[in-house]
Amino acid sequence: MARYALIQNDYVVDIRELSDEEYPDVAMCHQGMAPIDEATQTPKVGWVILASGRAIPPPVYDPVQYAIDMIALPAMAFGERIKDMFIAENILMGITLAQRTKDVGLAMKDMMFWLASGSVYEALAAAEEIALDPELEPFITAERIRKYKNLIRNYVRLPPV
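Counting from 1, one number per residue, gives the positions in the sequence shown under the numbering used here.
Everything labelled a hint here was simulated from the structure, so no lab data went into it. None of the values given here were measured: they were computed from a predicted structure. There is no bait here: all hints are sound.
Quick list of the computed label-pair ranges, beta carbon to beta carbon:
no., residue 1, residue 2, range
1, Thr141, Asp37, 40 to 46 angstroms
2, Gln99, Gly32, 37 to 43 angstroms
3, Phe113, Ala27, 21 to 27 angstroms
4, Pro63, Met1, 32 to 38 angstroms
5, Asp10, Asp37, 17 to 23 angstroms
6, Glu17, Gly46, 15 to 21 angstroms
7, Ala2, Gln31, 17 to 23 angstroms
8, Ala2, Gly94, 37 to 43 angstroms
9, Thr101, Asp20, 32 to 38 angstroms
10, Thr101, Gly46, 36 to 42 angstroms
11, Pro138, Glu80, 22 to 28 angstroms
12, Arg146, Asp14, 22 to 28 angstroms
13, Pro138, Lys44, 39 to 45 angstroms
14, Ala98, Ile68, 36 to 42 angstroms
Virtual Cβ for every residue (Gly too), placed ideally from N, Cα, C.
Assemble the whole structure, with the sequences as input and the hints as a guide.
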């Protein structure tokens with residue numbers, strides 16, 4: 001287990017102890033991760049990590065700007081990464097040649113909308129409602145939906161399903 005500062009938009013958004021097994025999934029959900037050891041100053045949520053690796057307290061923000069920087073933008077960036085991953089996997093699986101782009105897009109539209117807006121809990125709820133249709137395999141399967149639900153659950157610190 002090692003401690004890491006999880007970084008979005010140059011700000012520390014969380015501090016977590018991670019095993020080697022947990023690291024890849026958590027790293028996928030954040031723009032950056034900085035290891036924390038006894039030699040480094042322990043950052044706190046909201047601190048800025050400089051290019052040198054030094055952590056400094058954030059400048060004073062108004063509450064709206066703080067919510068934008070610390071909650072909305074990181075959640076939207078996470079949602080975009082999840083959407084990009086889903087799209088890229090579909091392309092590699094041949095969605096265009098199978099002529100299933102529109103059908104899969106319609107089946108996933110609610111989850112993708114909420115991911116783009118940064119509403120990760122709503123995206124998770126929408127993922128629960130995705131209907132499995134054998135005609136949309138291999139693009140929409142129970143295993144793929146579970147994978148994406150678990151990425152979202154990890155982002156909001158819920159246990160996997």
